[in-house]
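Since the structure of chain A is provided, determine the placement of chain B on it from the hints.
From first to last, the protein sequence lines stand for chains A and B.
Counting from 252, one number per residue, gives the positions in the first sequence under my numbering.
Counting from 34, one number per residue, gives the positions in the second sequence under my numbering.
Source of the hints: derived by calculation from the structure; they are not laboratory data.
Owing to the predicted nature of the structure, the values given are computational and were not obtained by experimental measurement.
It cannot be assumed that every hint is accurate.
[Unchecked claim] In silico DSS-like cross-links for lysine-lysine, where the CA-CA straight-line distance does not exceed 30 Å: (1) 1034(B) x 1022(B); (2) 455(B) x 592(A); (3) 743(A) x 1034(B); (4) 381(A) x 775(B); (5) 873(B) x 269(B).
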Amino acid sequence: MIVRTKISSCFFILLSGVLFWAACKKKNLDLDPSLPTDQNYFQTEQQFDQGVIGIYSKLVFFYNYRGGTGQEWLHDVRLLPDDDITTNWLSPFESFTTLQPSNKKVYDYYTFLYQLNARANNMLDVFQKKSSGVYKNNALKDWHKGEMLFLRGYSHFQLWNLYGIAPLVNRRIDNDSLLYTPNSSGNELLEAAISDFTAASLLLPEKWPDPTYKGRVTKGAAFGMAGKANLYMGTIKKNISDYSLALQQFNQVKGYSLVSKYGENFTRDQENNRESVFEIQVGDNSNQEGSNPWLDTDQFDGNGDISGYWGFFDNHWSFFGGSRLLPTESLKTAFGNDPRKEFCFNHEGIIKYVKGSFGGDGRNFAASYTNNPRIMRYADVLLLKAEAILQSGGSPAEAIQLINQIRSRARQSSTIPVSTPADYPSSETDKKTIMKWIIEERRIELAFEEGHRWFDLRRWHIGGILAEVYRKDLDHGWEFGSVHTPFSFTLKNLYLPIPFEELQLNPKLRQHDNWK
Amino acid sequence: MLNKLRKSIFLLMILVFADYNSGLARESFKYYFEQSQRFQNGKITLVKALKTIEDHYKVNFVYQKKNIAGKSVESPMILDQPIEKLLEYLLVPLNMSYEKTATNTFVIFLNTGLDVAGGYNTVTSKPTDPDLSHGKKSKSSNKLVAVSGMIIDEAGKPMSNVSIIEKGFSNGTFSDSRGEFHLKVHAPLSTVEISYIGYKNQEISIGQSRNLTINMAPDIKLADEIVVIAYGAKTKRDLTGAVSAITSRDIIKTNALSPQMAMLGRMPGVYVSLPGGDPNAAPIVRIRGVTTFSGESAGPLYVIDGVVVDEYGSRSTFSLNAQKAEDVRGTQNIFNLINPADIESISVLKDASSAAAYGARAANGVVLITTKKGSEGKSRVNLNAFVGISNLRKTINVLNTEQYVDVVNEANSGNPDFNDPKYDIYKKGKSAYLGNNGTHDWQNAVVNNNAAYSSYDLSISGGTKTSNYYVGAGYASQESSLKFNNQERYTLSSRTSFKINNILEIGQTLRLAYTNLIDNRDNTGVPITLLNVFSTPPWQPIYGMGPNGFSSVGVSQYGPETKQNFMGVPSVTNRQNDTYKLLGSGYITLTPLNNFHITGSIGTDYFTQREMQWSLRTLNEFEISLDSGNSIGETRTTNFLLQKRLSVNYTTSFSNGHYIDLYLHAEDQKSIFNALIAGRSGINDVDDPDLFSLNGPGASADSYKDKNTFINYLGRVTYKYLDKYYADINVLRQGSSVFNPKGYQWGNFPSIATAWRISKENFMQFLPVSDLKIKFGMGELGNSDTKGWQYLTLISNANAAYTIGGIPVLGAFFTNYPNLNLTWERLRTYNAGIEGTLMKKKLDFSFEYYKRITSKILQPYRLPASVGIIELPFKNIGAALNSGFEFSFNYTNKFNGLEYSIGGNFTTIKNKVTRLNDNIPVSTPAGLVVLGDPINSIYGFRSDGVIKTESELNEYKKLFGNSPLVQQLQMGDLRYVDIGGAPTPEDQKAGVRYHTVPDGKIDDYDGLGYLGKTIPGYYYGINMGAQYHGFDLYILLQGVGNVKKQSELLMNGLSYRFSNKLSTVLDRWTPSNSSSDIPRAINYGASSVNNSRLSDRFIEDASFLRLANIQVGYNLSEALVKKLKYIERCRLYISASNVFIITRYSGYDPENDMVPTPRTVVFGLNLSL
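Chain B extracted, bound-state conformation:
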């Protein structure tokens, strides 16, 4: 498989390379030809030319023979260009035009002498002397001539701000508000280029005409090139900042229920980590490194149709900590509530200038999701459906019962403590002996084979000249890779807009979603993961005579060595989540003057969740988790965000080629979170949870609430000169309620981005470059993700009761150490890049360098315990640097009816902590932050194999001085490297945690060694596509490199504590297997502690390359489709994701050992009516 893949990659590369060469050759040949044709008369008849074109482009021409006869054109023709262009090239000099009448039919006719625009998508200008247009193009003969014209859109209305530039010169202008333009050109040989966002570019030879009427036609293809940016859109070539985008065509290919997954491997600078097989888990998304120390505040801000979507607590925004919010609500990927089929495009704004408009929380990038809207024309109906299955790729080899008992006995031998009767289960001959119990495969028991996966959605869209609509509905369901969870989702969305008159436009988006999640957990309420399950002792039976057909549900069946029955527990407990989401927005735009818009909008993100859980008391074994009787709990959370914005936009252009776009807005955001938790325990004799009432003894209730607000003011000037020089300047002023009102709430964040389209310069014209742009930008953004009211000393009444007079009395205490000066975390970004299009627009590339300097990083940090406060205080604690390169390319070509493309992107990250409060390391949920090292790295002992000889043993014992460990160390124990000792005051000043000179002792300081980084050093994606006669193929490879992971699996599976072990321990050190580097079996005392310390033994390389997606589709041929009435397009496909992974990581999956990401195969249908 792998070999084949390598071969095909190789073949593809050869193709690309060969074509690149031939492209260059052709380019130079053409040049030569153009030079030489002035002196030679290489002509063929028009009849022959048209025949060739018919064959090549598979089109039909209709013409009157008399019009064609006797006419000849120059040969050879260049065929690999749009047919319209070619026809123009041939017909205009002959004073002829064409009109497209059907998909593949063109009517050719003689011009009648009237100066009219020529039908669909074409423009004709009428040179009176056809020969002139083919004359010499020499500057010396040119004189400046004034031309003027009128530009109208497809509806015949004048278009303003359309750019008109003379090719090869630096003169140009824009059309004014009446659609008119005036320009001096080097007539009569001049050609002007006319362009406008969303419309086809046109090149028109001026010839003798002085007054042009130009029809602009919307470019459906170009829609890809339009990139949605903050409050607007630009063509890709006009971008100044760092923005990556994908459109619905790519999004639909992922077959994922969550839109974030569509970004996987597709965008430079965007890192997406798969969330595993739990349908509810959220992927981790990071844009250009990790700029802050912890949590989802390092993640991007998500904006859907202009509405900020923020899951309470997921970014530790509020005064309750994120963990608590998660406890209350449960983890949830709220993006599961957005149907990817409704999405038109996803843009990722990576630098300060692009993201500035989203103000607060945009520092770590913005993921801008734009949903589909209808367009003018007849109603379109789209149906997408797929069904499929998913399976885990691997299980881990563990010991069987016989091997397990052997290892346990060896590990316990020699310690009298294990003579306790409870260890009789491992002693042959004792009645409790379990060695003959057989081996029970727990992993396969919990794995959900052929987990079902399906999605169906239907949308209808359409519109008129003044209104449009889009309505979509979807249903999806997904089972987890383990047998405990599954999710169903219903979505409904609508988007409409209406132009009431020339002044007023209103619009609206609304999406509703409902998900039902079955979320069974273990008897402590923790999700069941393979990491827990794999270590269940193999002698422990799964099924038996216990309740519901399981051997037991609790933990006691075989005494304390038994684990809970992960299959049995969910049979007596249940947890369900119902989530209801409403995301909507509405706007009114006033256009009192041409090019002057005032827009008011309101958006809300509202979701509410009801979680029900209940447990049935069944057996005594269960008394651990349930004191008595059944229990029921219900949690309701409400998340509400209200966003109000008023914006003013004014664009103007000047006849000398300057263009200015002015945008101002004021925005107000308010977020509110509420939670209500109620429960009752000790309910007897009722088995049906729906019959429980919360009223009664043992009832309890609790609530949380929280809120915050933001205000943003933004001013943005976009300046452009002749499609050549660009500048965007943003000034953002934002306030956040979380900071001290006395001077710390407000921050100002300027940014600028500039670009120079060097390809537009004359001196670049001789190069075979279609487009080339250099850009540079820098700016600042703020981040305020912190708990609220940190500037105050807060008093809590919770959790501080004490029994007085026999009853609990409520206490009060100071929860925090206040920080009055807490303020905005600041991120400064630098961005420099070059991007362009080569080889006649077949190859796009971009290369960017970024640098992101975070200062005043907001972070909870630990104070010495002697300060005596419980909550970690927040502080602007340090600074960090992220930098790297992004490279991406995309190549498309045709080859004998085969259309193929190959694209790729590669991103590097260098990451370093440059300043830290008092040089004291900060521990975060993701690792440890140490000055000078990459953020969230792993630290521990460095192991040095096991002790194999007496002399090694004696030598090693010396490192422990008088420590009692010396008495217990034996051959077969792990040996660590003495890397240093207690820091000197100088070390402390320099932020060094240990003195790096070996001190002849192995102690805790030797456990501070740097073992690796957890943020990948680089990541990449490669995608390939091909189309041939209705068949299409799509392949996506994705990978990360230079990253380490601390493997919990190894830590559990290589220890000799009670739990099943990895089968690699069979090769452990024993006197007869003395060359092994796996420590001896020992389960007590100092040696056991010594061998299981966190060391590089448990750290693995987590780099991988994954075949993320492979898809083969077939478009029903048009002939067939035509027979099926009403159907416009029908495509069938089969798609597999996460097909294989190449990695050195030994666990289930380098990204997730808990519920690993399964391999999914789906069969799907796309239908358009």
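Isolated chain A (complex conformation):
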């Protein structure tokens, strides 16, 4: 009896053991991820192409609306500090008075620049490790690498101009020891930008093979940006060799020319024209799931929002109290009767990019415009080149001739024959006078465009050029033209503060001395 019980116990214990073993298969835990990984992706040219597009897509973040995230469009960060634009909307970037390291736009701009930077770094890493054997088209391989370098260079360049001593991140961050990058020092970021743009200029094509590639960066864009970065370096270091290098690079910006009329640069139907050297492509995916200008572009599914936002140039009620941007009195005076005026502002406000009222150019939707921001026009290159010639000790006449090219096109832009702006006499040799001409020409020609004026003022201040030409300086009597009282520019405002949030998250990071 006892024996029988024991046998049957053994049997059932064995049976349950077998059932147990069968009940759960350990392989049930090994699930395939819902997304591809860096291990199994990037096996084809097309996948590398997607990786490159992924970097580009970050550029739109600096231009789209994001109204739902607290109306955190970022245009005022680069547009309002200068002396061309003011607004009766209460922006700390205009009056400087309430700007704090905890300002959200300071943080967002910073964040997006590093996301652009990281996407480029990640792709460069993958490119180095996995591209061999993948490309059938070896030219495309170079072009892709050129684009990655160019876009990383652009993040360095912006970071230097806005934040000065922000961290320099030049590689994929793939382990914990790399998470906390300390401040860069001095001009490290600008040097890195020069190096990336220069490297890109050697890889990129002069022209992409057909119109389906329209909007991708070119050799010319890379040389243009490399030259610009070198020129900035020359300005702040007062160094002739940097100017010379810049000049060499400007000379390599080939295949571009001024369009016949100034206004053609700012309409949607003239995007990516022959004068456009580097242009951020904003698009219209309104008919597709996911276009939602109220969210960050990566907060919504499908494409994300790929449209730009020019609402600040308009004054429709729907902008929730955000007033339009206005030209300053000093800029209006500077324009005088220049025919370019009619493309830049009218009695209501600034109209560049948004000719017409609400809905204007692009889509009939307040928060979603499709007109591309022009980051670098050939006119900009010509004026930079004039400056490089002048500052590197080249022929003043050659520099003046370049300025006159711009002025001549300005005259042609008018619908009626005009004589202003007249050509400058090419006999002038006083460097200060010619520099003043360049400064003033850049101000008019590039008015309201993408932070040019503010970046120029900064570098000319740092390089002592404003003091030399105007006997005034940004912190000494410079007329910013803000309609706001109080207004208070101090030297710390040459840089944005390192974001307060970031200081909390990165123990190795320090604030600018002036912002402490």
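Here is chain B on its own, set in the frame of chain A:
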């Protein structure tokens, strides 16, 4: 009202106390009496005794006079004990027995001399010498005598594992598989105690009998005492771990549609936060503090009849983040889909040992819901119904139009920016002036007065010896406290089990639910809340000549200062949710040997939801939210969980009193989530959304999917010795698919719980304690709530398009920063307690101390922006400590036909972050996690009143150095305390966020001050019940304390931005009201920014005491019920919940300012057939 309440609480306490004293007195009197009666002959006639009993217990005795005559019994009798016991006490010595023949009738007869069990619920043993049983109980005269016996259940079948213990000694045994037992006792004066779960305890005097047959009777009352635990049940006194439970009687009292609410205020250690007036919102439930940093992964795991119920995304379990899942599906309380009337009991497993069996995700407690099943006997029909209304308790005082215009003008004055024509609406004399518009009460417009609330359910249950069934059906509907939502629910449930033969048993549960939810929202798709509505400018009209009788539906009517019309928008948009849920399980149990069971079970939790939304284009104002034409969207989500389990259970007992229960299982869980989103916009000229087709221009579609799996192996040994010493040992090994397969998927989690029933020891016998137990347990559990595949670098194609050649081209990017080492979060729990029953079982109490140490907390954390990734990576980031006490008691007594009870529970929580990755604070949706502080605390500036004098102003300006703010600061501006400055490297190393020495500057670092904790320091509940002649009363008070809340209401209502303001701003600082501490009206520039910074000005004490429920019922008298044929029981009641709240919090409700919890009054009926 309050005074009355206080008075009645006081009275009740006096009653309890008085009774406690008299109880003690009686206890000692009895002792004295028992001592003295040996020497005196205080006897009365049996006839007289029976008469007394008849009167006292309201029963009738039937007997032959000749049997009774001349017999006498000892006096006095103790009347407050079960009548059966008393009769036994009286009759057994007289060689008599009784039999209960009807509810209140007992037949008394002389024993015939046969050794038989005596009828219903009773046992007689036959002492041959009646005098002996009343002789001296002295150990010296005792000798050990072997007795044996047989224990049978109500069906006459032998029962095994029944415990037989001699009273007052430590010898005992269990019945074997044939129901037989052998025990040596100190006969003949010995008494043995016989007990088994679910059966009435019996005490039998052995007398001269050596062979007993004992009939066990199921104890319906005792069912309360049985606590459902993981894969089994125990009587309360056998519990070793920390478990609280409530049964259907309590659950039905809450009149809530969601079962979680039944736990409110009823269980120590269980915190339930009311979800507000939206019928669809889920309450927050936390067990013994908050052990992890964020989200619902800090909430408990819910298990219904053994099936894990997990709402996708609600615990951030999957690779999509919870917010996104919520966006896709919408918020929903899936427990609304379970009809509380179907629930038999809810157990909350609080410590590692109790919860271990549920493995993954059980770390933060398990809420075990067991539904009703049928029992043997005739079919029972139950009908429950209630109808009622709910109303919000309060609205907030805001400015009228005149006051509003004044304040706006004062706030804007002095800034030329406000000369813009759009501000003409505030300028007297301008044609656009709105000051004469009258005042429009937006709050009352959106509040749903007398919101309807009703529920009806019907159930039928019954069974035979081998099968049972329960079938229930219900319908409920509830309107929100605001006019925008309401919900209807249909439920159907069934539960059956069949014993095919001695070896095979099968069973099944199935519940179906359908809810329809109308969920109207504002023009950005966000739910409309009072927090949005209260600040609508008072001059903005609600009704008018616009569409559907509203003044407008969009935002533009009066320019940019207009808010959207919260009443008008829902008239042109609509959103509806249909949810279908199927929760089911089935099992087969094989019993090849006695006490050896093999059970295989499969459970599924499946729910699918269809959300429809559409918007009608009506006016230009609407172009903001709708670009053109009508739009329609449809979202379908599917949530599927499949759970397979194989378990083996073996119990055995030894004749020397040891008992062992061995349980092993292997379990496999798989969860799958799918979502399909489709929509179309730009549909013209169709007003009926049902006519839309998704096919056409502007159509779009998207989908999500996700899955995860778990494997659990569990071994559990339950050991018991003589109902005195207990131990439970669990070993759990579990694997989760979310971690790296290379060594991080598996975790081992042991736990142990022990108990000592000290009251069973001899040295405790002299104390007036019925039961006393000391317990201790410790153990570990794991939590794996994280996104999946964090160990990989994932590539996404979504959201990364760029325009090339004029068309959007898809991009790809790295979404995350991988963490290869991500693994289980571990929770170690310690539990120590004492619990017992005093005062002849009238008072239960328990006191427990708990400590919960979480380590390797899984948490998304922020990397520096310079790393450049979008998704927050997960990491085992820190550690936290929760500890506290739980105390609960329950007292019941009778007093002249009044039966009353009072119970209470009190829980404290101390909570601290003890370790944090690189000492960097982590922000979570619930707050900020800072080393050394309570989890999710509030931080900000410390305000110091407003600047009232010139000298104060000049002094304060110095703190701003060269800052431009200096030019704008004025008297009437808010002043902050300089608490410190930028941290030194030493501070950073120590995890201190700012250097705590004032640096003479007010800057961002002064905004890092600790302002309060968001997790209550203590919470409590008090319940009182009374019954008197068919009437019953039930009161539940509930409260929390030591908690702060950041009031959005104050932040919006005290700012001078565009929006209506709280009427307290009328007392703002002005030159003529210079003593006020409310800052001056200013709407621009640095001062405005300065005054509206997050500071303690917006932090309020959110402690409260709430009268959660009061219920008065009446049971129709039996006489009346008998006349109504077929009706067994009929009770009518009226019940009010959330009656009042005592709090210092100034908003709508300290728990919810969005859609506050209303006061609900219902009238209900419980009917049994």
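Hint check results:
About 23 Å separates the Cα atoms of residue 1034(B) and residue 1022(B), which keeps this hinted pair within 30 Å; it holds. Proximity of residue 455(B) to residue 592(A) is assessed by CA-CA distance (about 28 Å); at most 30 Å being required, the pair is judged to hold. With a CA separation close to 17 Å, the supplied pair residue 743(A) and residue 1034(B) stays within the 30 Å bound. The hinted pair formed by residue 381(A) and residue 775(B) meets the criterion: a straight-line CA distance of about 24 Å does not exceed 30 Å.
Restraint check for residue 873(B) and residue 269(B): satisfied, since their Cα atoms lie roughly 17 Å apart, inside the 30 Å limit.
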